[in-house]
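Chemist: According to my numbering, the sequence shown is numbered sequentially starting from -3.
Quick caveat, the hints were computed from the structure, so don't treat them as lab data.
Think of the CB as a built atom: it goes at the ideal place given N, C-alpha and C, for glycine as much as any other residue.
Please note that the accuracy of each hint is not assured.
What follows is a set of in silico ranges between Cβ atoms, one per label pair, in the way DEER data are often shown [to be verified]:
#	residue 1	residue 2	range
1	Thr34	Lys60	15 to 21 angstroms
2	Ser32	Lys60	30 to 36 angstroms
3	Ser71	Pro136	15 to 21 angstroms
4	Ala42	Asn129	36 to 42 angstroms
5	Pro20	Gly59	37 to 43 angstroms
6	Thr104	Lys60	26 to 32 angstroms
7	Thr104	Lys72	28 to 34 angstroms
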Amino acid sequence: ETAQEEVKPEEHPIGEVKPTSEFPQGYTPKVEVRKSGTDKVSITDAEGKQASSITFTTEEVDGKKYWKIKQTATSKGHEEKGLSQNAYKYAMENLPEGYAGIISPKETRQNTTQVPHILEKLGKIYDSSTAENGDITLKPKGPAQKAVKPEQKIEETVQKPPKVEQTPEERA
């Protein structure tokens, strides 16, 4: 295991927006990838009742798969707890294998106050782009993948682990 350096919130480069999902005590996230094609991130409260959720369908854009939001909902009494923002983060942390990100279609944003605010905050954590039609796409940040032509030779560098001397007791 490698120890990760702890970053204090006030020192974090994106300010108060935490880069990973953190749910209030008593709330549990869950991803449901369904055969029906409608997937869901749901957040349940301590009583096991749904407090917040995002439902998705799969959409292919330029040969890449995305989760496309159908609906985002938070139940009465669970508002203002950061559940929706954390549900988006949890979805990004748990994208199905081979998926490039999440699309938030403009027409699904019924709440025109909180959802744009959430997407603006998430744009500080993820690569965010807005299409001409108003759809917002979120993708994990990271180095751009360079296309390699078949005729190019790919050289690999392999680091060998440092040699560790064992004591006679450890060899036994």
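Chemist: Give a verdict on every hint.
Modeler: Now the hints, each set against the structure:
1. Thr34 x Lys60: 15 to 21 angstroms: At roughly 20 angstroms between Cβ atoms, Lys60 and Thr34 fall inside 15 to 21 angstroms, so the hint holds.
2. Ser32 x Lys60: 30 to 36 angstroms: 22 angstroms, violated
3. Ser71 x Pro136: 15 to 21 angstroms: 29 angstroms, violated
4. Ala42 x Asn129: 36 to 42 angstroms: 40 angstroms, holds
5. Pro20 x Gly59: 37 to 43 angstroms: The hinted range 37 to 43 angstroms holds for Pro20 and Gly59, with Cβ atoms some 39 angstroms apart.
6. Thr104 x Lys60: 26 to 32 angstroms: 20 angstroms, violated
7. Thr104 x Lys72: 28 to 34 angstroms: 20 angstroms, violated
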